[in-house]
Structure formats: structure tokens, C-alpha cells
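For the sequence shown, the positions run 981 to 2044 when the numbering used here is used.
Keep in mind the hints are simulated off the structure, nothing from the lab.
Here the structure is a predicted model, which means the values were calculated and not measured.
Take every hint as true, because none was put in to throw you off.
Listed next, the in silico BS3-like pairs over lysine-lysine satisfying Cα-Cα at most 25 Å (straight line):
#: 1; residue 1: K1669; residue 2: K1680
#: 2; residue 1: K1636; residue 2: K1671
#: 3; residue 1: K1576; residue 2: K1550
#: 4; residue 1: K1561; residue 2: K1950
#: 5; residue 1: K1868; residue 2: K1799
#: 6; residue 1: K1561; residue 2: K1550
With beta-carbon atoms standing in for the labels, derived distance ranges:
#: 7; residue 1: M1830; residue 2: E1466; range: 51 to 59 Å
#: 8; residue 1: M1830; residue 2: D1475; range: 47 to 55 Å
#: 9; residue 1: S1588; residue 2: E1558; range: 24 to 32 Å
#: 10; residue 1: D1268; residue 2: S1588; range: 34 to 42 Å
#: 11; residue 1: K1775; residue 2: K1976; range: 40 to 48 Å
#: 12; residue 1: D1475; residue 2: V1874; range: 53 to 61 Å
#: 13; residue 1: G1275; residue 2: A1618; range: 22 to 30 Å
#: 14; residue 1: S1529; residue 2: S1291; range: 37 to 45 Å
Quick reminder that beta carbons are idealized off the backbone N, C-alpha and C, glycines included.
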Amino acid sequence: MDECGSRIRRRVSLPKRNRPSLGCIFGAPTAAELEPGDEGKEEEEMVAENRRRKTAGVLPVEPNDSEVDMFGDYDSFTENSFIAQVDDLEQKYMQLPEHRKHATDFATENLCSESIKNKLSITTIGNLTELQTDKHTENQSGYEGVTIEPGADLLYDVPSSQAIYFENLQNSSNDLGDHSMKERDWKSSSHNTVNEEPPHNCIEQPQQNDESSSKVRTSSDMNRRKSIKDHLKNAMTGNAKAQTPIFSRSKQLKDTLVSEEINVAKKTIESSSNDLGPFYSLPSKVRDLYAQFKGIEKLYEWQHSCLTLNSVQERKNLIYSLPTSGGKTLVAEILMLQELLCCRKDVLMILPYVAIVQEKISGLSSFGIELGFFVEEYAGSKGRFPPTKRREKKSLYIATIEKGHSLVNSLIETGRIDSLGLVVVDELHMIGEGSRGATLEMTLAKILYTSKTTQIIGMSATLNNVEDLQKFLQAEYYTSQFRPVELKEYLKINDTIYEVDSKAENGMTFSRLLNYKYSDTLKKMDPDHLVALVTEVIPNYSCLVFCPSKKNCENVAEMICKFLSKEYLKHKEKEKCEVIKNLKNIGNGNLCPVLKRTIPFGVAYHHSGLTSDERKLLEEAYSTGVLCLFTCTSTLAAGVNLPARRVILRAPYVAKEFLKRNQYKQMIGRAGRAGIDTIGESILILQEKDKQQVLELITKPLENCYSHLVQEFTKGIQTLFLSLIGLKIATNLDDIYHFMNGTFFGVQQKVLLKEKSLWEITVESLRYLTEKGLLQKDTIYKSEEEVQYNFHITKLGRASFKGTIDLAYCDILYRDLKKGLEGLVLESLLHLIYLTTPYDLVSQCNPDWMIYFRQFSQLSPAEQNVAAILGVSESFIGKKASGQAIGKKVDKDVVNRLYLSFVLYTLLKETNIWTVSEKFNMPRGYIQNLLTGTASFSSCVLHFCEELEEFWVYRALLVELTKKLTYCVKAELIPLMEVTGVLEGRAKQLYSAGYKSLMHLANANPEVLVRTIDHLSRRQAKQIVSSAKMLLHEKAEALQEEVEELLRLPSDFPGAVASSTDKA
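Produce the complete structure using the sequences and hints provided.
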């Protein structure tokens, strides 16, 4: 190609006129590039060409040196002829508004374009055929000279910039395909085919072209260079033969139709290439969807910079850090959409909490429906392992840290880890937080070790020792201090407010005195002046008050309402009545007395003591402005996004521990709502005794992240080694040690290891697992001196690893399940519930012995039999209740676990958390957390039993129990609660309104839902419908795949091998 290109010459004289010409657009050569005296010669050549052209419509053109048949007896383009490509280019530029008036000027310039195409396209190289039309002659006067100089081997010289432009243009046009063009063989093409069928009237014409062209086909193999001939043989096998066109009106019409057909194909093919459109390689539809669903019309400057980083373009791993509310999530979402739509790979997004997972699924399901990908939930007991392998559409898995780990394990085990193109981790700093951090570290380390194509993106607002994380993830780092709304930090000591100022000597400067008249009573009740601080912003703006404990949240909410004026009752009075009504509905007539008193003032508390339904309803009311003040614990700062105009920290403590810098930054980060507020304020209330500590808090850097992989022994390093060997990632001591060096712990080993080396810890952990019966060691003698120790996983080890059971409890679980087989009581669910009650919650349980005895005495004989099998007698509980001395020793953990089982058993029978809460004198939030934890553990026990043949009886039983524990509602509501974001209260409303199945919800009209269902916003209605559609599509796709699998001929079918041998 380059050899041919070096022999090209092109001569152009620019016309003398004011309007823009195509020469400008196509980057034509300047006058300096033209040879002197060429203009006269070109005019003579044009006259000669015009004479030839007049006869072109009547007689077939005879071949000569300049008009040879390029392809001889090879097939030509037939439908996709040269003229079609010329018209294609012409139409492309006629669409530009500034050139539409001068469409006739394009015909002449298209000849130049055609010659460039002949150079750049592998299907159009050779001696040039003159393709000149009457239209060209008519419009030629518009230019002083654009000519093709005839010659046997004549090609054209173009500027390199122009050649690159046309090469890019040609690359896109080369991708065009058309299913209706039956005579063209597309198997030789490496590009995608077109899925969109052209109109029927476009199909007939090319076939007629082929018939007419066969009459005028000529051959000139003698004049063709051998190298070009060979190239054409390889590139154009099966293509239709070239024709010397007969120029007529009908011919032009035919070519116009084909050109239109190709334009349709071009639009389709653009949607299947890696660069799909103008919005960061995504179609403009994505930008429109963000404007429609989220009201985002323009990206911040930092977001644009981050998305266009070289490291992002080159698919390198990336960590980026910005203050809370800076817009980090949008960047991650755009990168995920690029992976799903452009790269056609699955994506995993890891989020810290179930509530955030559900919020994200509700928000992205609409995008999935519109853009054609699945959004799948992996949280609690939800998620399929391994995930369903999709035929065409790709999946976005949104998971908690624990479920994300299980998902990655299943993909590695099935050899599908490379199908995961991108992993996004939100709140990356959590890698340094306890057992959950260890699990996140294991997940990322396995991805880095097993897949070289999976990109990892981590984001956080509170990162300090980024260098360690960069080294671990082999990642680039991007940071910015951008906040869409300015944040001002204040400290309050007594009645004086100081502004945090890093330039000041002691870190703060005087701002103002509180100007609020306090009565003596109010001073006693509110020594911290909270009423004064909140009334400066509510009810017109929102406010968050962070409190050290749950009880303090409720007390502060009530105290503030006692001193608010009656005017606050009138603000959105009707909407507040609706909130109270809905809270009663979801509580089956029950309502928390504190909320009953505070909601009329627009105030509520928010902590883990609320049920999921209550929390969701209150969050919706706060987001819509019905509630203007939340008193909350620190968990809200890391949970769902509920920003406020002002954030007040009641004290620099979380429970009894002094506030950490990371926690402080997360809390104050909620101040300032983009698009609503122009400023955000945070006020930290402190006593004089805490002043020095607080000044250090506001000035010191963020805390470092440290690996907990070894610190969390059974949930960390031991679980990691078991899975490495179970997944065959590393099976000998050297490989396991090598893997450990690549972990976050491996990066930080010099800091974290004081007494033992990493090698010693590795050997010690493997020995422990072997002694516990989870691994077996094989000794391989490579030579007389060299010995290698290989490990393989035992059945118990595999069951523990597959069920993600904490290794501290795996042998206890095995023993309990084994003992259960001896006398499993199936007359009620109590025995099964006991076997699936989480071990780690037992130690936190302190039974009320009177309630315990009362519940025990109400058991049926079959249920009392369960207690007898477990070794817990009624007399023992009676003695504990009456305070008598106990002679016989009973396992405390078994007794406590049975008590929790009673709570769960009662809840499954009554399905009303309020009733159970009163019966057992437990917070309703605690009971719901117990239920959620048990559902998740039940799912783990199910996977554990699936790996052990002796526990076959538990499999079917636990599938049903897990479902009951997950939803804990009447059977008819379960189909509705499968939809993300639909909890029990909402499910009851929908069922009462006639929406009784998933199909009903998927086909519902959001506007009708808003009118029918109380306190349902338009945004929520759209999200529910989108989530239902997504779930319905997933189920339909799974059924289609099952049908195809059933109808597909098995690969090991006996006759298949024989028939393939016969064909060969």
C-alpha cells in the first residue's frame, strides 16, 4: 500500500469564490504544493474527458491504459459499487448544514475522494477506472481544475493529514454490511455485520445492477500488476466483478438507493463498534438518559479530566479520591457503561451496605432497560453462583463486599473470570476495616492474580496512604479537592462559634456569638444550644444532627420538638399526616410514640433501631422536603445519600470512642446539596475539655489504611488459603507465598510484621488448616534433596469455602448438622431455624429469662422435643427465670441460640415485627437485623450442604426456609418483594391495588401507580417499574437459554464425532 501511495500525484486548483468549498473541508493541497503550469494542462485534459463522457451513456466504455477493469474476472462490488461509495461520501457531507446549499460542488470533489479511497481501501487498489458522470461535467465549472491524469499505473499524491482523515473515514465505512445483499460473501470480513434490515425497495436495485453490468464486463489482466492481483485475490474473494458503468438516469437512481441503504447500515454498525458515540465513546442517548433520569446535563470539569485520562483510555487500574458530594459515582457509572456497551464485558460494582446496593439497583435498572444490559443484585441471600451466562446481553453485578467475593470465586472456578471486564469498588478505604476489609482485599488480590484483562477502579473520599494501595492494585491515582458546593467548617464552644481556618495560629478564628434568647428551662434542657442552631435553617432548609448513640438520637429529636413554635406544625402539614398514616400502615397499625410526636414538626430520628420499611419511608420524606431535620447516628454518613444545608455534630464521639478524622470528614461531607444550596455548613459542638483533641482532629491528616488479612485470622488469611487451594489458584507453599506477597498485606508486611516473617505466617496457617481437617498435604520428591509440599482441599474444606463459613465455626456447624440428622424434627420449622441461626450473633444475646420461660411453656410437644434434643430442659429455663442455682452444666451458646430461634420462629409465624418486638422486649430494628443475618447464613449453610453428600436431606428443606427468611411475609407478597426497593409495606399497598405479580408491575404505568399508591413519588414509581421489567427480562432470558440448551446437540453425542470425521 505504501509503495503504491508513494507513486500518487494529485493536482488541484482552488476556485476563486467567497463561499466555502470542499477543498477546505477535505484539506486540499495548498498552492505551494501545485506544480507550475499544471492548470493549462489540466484544462486540456478536462476537454478530452468531457468528449469521452458524452458517449458514456450510449456505448460500453472500451478499456484503455487509464480505464482498465480493475478486477478483471474477479467479482466486483455489485450492490456496493464505486458509485454507491461516491454517493455515500457525497450524502455524508451534504448533511452538513453549512454545505447543503452547495451540494453540486461535491460531485467533482468526490472524484478526488474516490481516488483516495482507492489508495486506502484494500478492496479498491489497482489501475484506476475513470468513473465520471454527466453530473460531474455539469458541476465542473464550479472549480478551476480537479482532474485525473490518465496513465497505465497512475495513482494520486495526497497530504498525509488528508490521508489519515480518509483512512479513519474509510475504516468506519469498511465496517458496513447488509443482510439483504445475498450475493456478497461477508465471511472474509473481520468487521461486525449489520443487524438492521434496509427497506425492501432498496433490495431489488443492486440485483438489476449486476445483470446490466454483466453485459459490459471487461478483462485486462495483462495491465494489472502482479502484486496488486495477489492482494486482490486475498481481499476480494467472492465479491462481484467490476463493471465499467453505463451512466444513465436509472443507473444514478439505483446507486442513490444503494447509497441510502449503506447509510442505514452505517448508523447500525456505529452502535456495535468500540466508539459508539460522542458522549465519552457512548451514544448520545446515554447523555439524554442522565438528563431524563437524574437531571444531569453537564459534567464537572474534574469528571471530564478524569474520564479522559490516558490511564483510563489505556484501561489501567485507577484510584481516585474526592470530597464527599464531589460526583465520584457518576464517573464510575460512565466507565461501567463503556465496559458494558463498548467492550461488551460484564461489570462488578462492590458497595459496602445492602441498602446502598438496593438504591443503586433502583437507579440503574432504568439504564439497563433502555440500553440493553442486565442489572443483578448480589446482597443478603440474593445472587446466583456462578452467575447466569448470558447469550448476548451483558450483566452489571451490584454486590456487597461478601457477595462480591463469592461471585469472583465462582467466576474463577468456572473459568469465566476474563468475562469480567471491570470491577468498581466504592468506599475503597474500607479495605482497612476489620473482617470486611480482609474480604475485600482477598477479592481484589484474586482478580489481580487470575485476570490480566480485568480493570479495577477504586474510589473514596477518605484515603491517606494511597501509595500502598497504588502498589497493591498497580494503579494510577487521581485526586481533586473539588466540591460543587462550598463547605464551611465551624466549631462551637459554649455560645461562641469559631470558623475552622488552617492559616490561623490555633486552627480557628472567631466567627460570631449565638443570638438566641434562652429561658432558664431551655438552658437546662438544651445546654448545647441545639434549638438555636437548627432553627436558623429549618424548615426551609434541611439539617442533620449526628448523635453519639441511638438513644441520644431519640432524646434530642423529642427535646427539639418541645421548644419549636407551633408555626412549624403548619409547614407541609398534609404531607406529614400522610407520612404518619403510611408508617402506621407498614407497622400494621403500630407507630413509634417518639415519631408520632416529632413528625408533625418535620423532625425524625434515623438509626438501626428502625425497620427497613420505616427507614425507607422516612428517607423518602426527607428527600422530598416533608421532613427537614434528622437526628441520626454515624451510620447515616456512610449509608444512603441524604445531604443537608447544615450538619451538626452533637459531640466529638461515636458511642464512647473519640471521633476519627475519617468519620468526621464523612459526616461533614453531607453538608451542601448540589443544585439546591449555594453553601454547606458543619458545626461541631465541643466542651472545653475536648478542645485540644478537636483541634488536632481538624488539622491532622486522614488515618492510614492497614490490611486486616492476618489480624482477622479465621476470616482472613485462613479463608484465603483455603479458597486459593480450592480454586487451584495456588496449591503449593511457594505459589501461596508468592500470592501473599502480591496482597495489600504483602505490600505492608514491613510495617505490620514485627515478630514473625510472612513465610512463617504462611507455613503456620497451612499447618492449622491441615490439622483442622480442611486441607491435606502431599509430599512430592523432585530429587533427593528437593522436596515440594502440595496441598489439596478436603470435602469439609470445600464445603466451608463454598458456603463462605467462618472457619472458627465450620467444625461446629458440621457437628450440629450431623447431630440433627439423628432426629430432625420436621413437624415445625423450629429445628431448621435453630440450625441456621448465625453463631456470631449468639455471643451478643442476653435472654430475658422470664420471657424465655413463658415462650418455652407455650411450645407444642414436637417443639419441646427440639429443645430436648439440643439438651435444653424446661426446668433449667424455669430455674434461671426464678434465680435458682443450677447444678447441671448446660452449654450457654446452645441456650442463647435457641432463644434467638424462638424469636425468629415467632416472627415467621406472625410476620409482624412490632408484635414480636413487644413479646420479646427487643428493638424492632435488632429483630430485623437478626432476620436478615439468618437469611444470609441459611443461604451459606445451603451451599455448605450441597458439597457434602451426607447432608442431601437438608438441600430441599433449606431452599424453602431461606426464601421464607428472606421475605418473611405471606406467600402472595413474595413475587412483589423480589423487585428491588419493594419492601413489605409497599408490597401490601401494591397487592391491595391489584398488582399481584411481577408481570403486573413490569407492565404498570408509573403515572397510574403514583395516583393509586399513597406516598409514592414519580421517581420511585419509575424505579419500581424499571426494576420489575429488569427482573422479568432476566427470568425470560434464563428460560430461553434453558430451552436452547435442551434443544442443542450435546458435544459428546456419539454420532457427532463420526459425522465430523466423515466430513473431513
